[in-house]
Amino acid sequence: MWAFINKLRSPKWFYAISARLQPWFWAAALLLIGTGTIWGLAFAPADYQQGNSFRIIYVHVPAAFLAQSIFVSMAITGLVFMVWKIKICDMAAAMMAPLGAAMTFIALFSGAVWGVPTWGTWWMWDARLTSMLILLFLYLGVIALRGAFTSRDSASRAASVLAMVGVINIPIIKYSVDWWYTLHQPATFTITGRAAMPMEMWAPLLIMVLGFYSFFIALTLTRVRSEILRRESNKHWVRELAGETR
Amino acid sequence: MAFDTLQEFFAMGGHAPYVWSAWGLTAALLLGCVLHARAERRQLLRQLERRVRREGRLAADPARATPIQHDSGGYTNDA
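Here the protein sequences come in this chain order: A and B. Numbered according to full-length UniProt numbering, the first sequence terminates at residue 246, and the numbering increases by one at each position without gaps. Numbered according to full-length UniProt numbering, the second sequence terminates at residue 79, and the numbering increases by one at each position without gaps.
One should not assume that every hint holds.
Unchecked claim - Simulated pairs of lysine to aspartate or glutamate, EDC-like, Cα-Cα distance not exceeding 16 Å: (1) A:235 / B:49; (2) A:235 / B:55; (3) A:85 / A:153.
Read the hints as simulated data drawn from the structure, not as lab findings. Source: prediction; values computed, not measured.
Whenever a hint applies, use it, and build me the whole structure from the sequences.
Put into structure tokens, the structure is as follows:
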């Protein structure tokens with residue numbers, strides 16, 4: 001653990017290790033999302049009540065999972081950055097935020113268009129929906145806060161603090177469907193629990209969720225490598241990268 | 001297959017606007033993220049190359065040198 005944290009202090013080490021890791025995550029993302037898409041859209045049986053509109057679940061649930069996981073990741077990397085001053089963690093937090101906002105938007109949008117044929121309404125101030133909207137605003141707040149400082153150090157600290165405070169919203173999102181049961185149904189899919197769906201519906205969903213997580217890891221690795229080039233361009237080892245293959 | 005014909009697949013049992021708009025937005029945003037990350041990396045590598053070339057030229061001909069403002073990245077510590 002400590003050895004790993006100390007290694008994270010070296011952007012050069014991270015640049016090298018991420019170069020080896022990222023092709024695997026990109027390949028996994030492509031394979032899993034490709035399989036999950038074909039299976040979920042064309043092969044999974046239609047829901048006996050919702051018909052084919054239920055196929056929205058295959059983008060809605062993975063996006064909602066990722067939206068929350070990315071915020072927790074930002075809070076953790078923010079904490080590690082504040083405690084140990086590890087720049088890589090701050091870079092990762094900065095690079096994750098737009099993807100998190102995009103995932104939150106996908107979850108809200110796909111939920112709204114799913115709600116029209118299913119609930120008869122695209123929006124209600126239901127606890128789950130409202131707390132997800134707050135999550136979107138928190139993401140936009142973190143992104144805006146980073147852009148609001150001329151000093152990168154101040155921007156990083158402010159964004160870290162907001163991520164650590166805002167993470168309080170995550171358990172609220174998770175338990176909102178149990179605490180205030182108004183519109184959104186409780187979880188039908190968990191990684192660990194018994195599925196409330198037949199296997200032919202559940203398997204492509206699991207594949208999509210894993211694919212979205214692979215995509216998140218792959219994109220973050222790629223973008224942190226770019227961010228290293230941006231922030232560490234004065235370092236000798238970064239200059240030596242110039243002229244190498246892209 | 002859950003559908004008999006391609007038309008049925010696109011119609012999604014009458015739910016086409018809902019299913020395809022949700023999937024379309026997701027595909028567009030995921031693809032957008034990939035393209036953005038690729039453009040970002042290429043641009044940064046180009047900038048780095050230009051900068052290294054410029055500094056190489058200056059090292060060869062110090063008379064033309066003008067002081068370069070180095071961006072420390074705004075970090076007060078250098079862990």
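Cross-check of the supplied hints:
1. As the CA atoms of residue 235 of chain A and residue 49 of chain B are separated by approximately 14 Å, the hinted pair is consistent with the 16 Å bound.
2. A distance of roughly 14 Å separates the Cα atoms of residue 235 of chain A and residue 55 of chain B; the hinted pair therefore holds under the 16 Å criterion.
3. At most 16 Å may separate the alpha-carbon atoms for a hinted pair to count; residue 85 of chain A and residue 153 of chain A meet this at roughly 10 Å.
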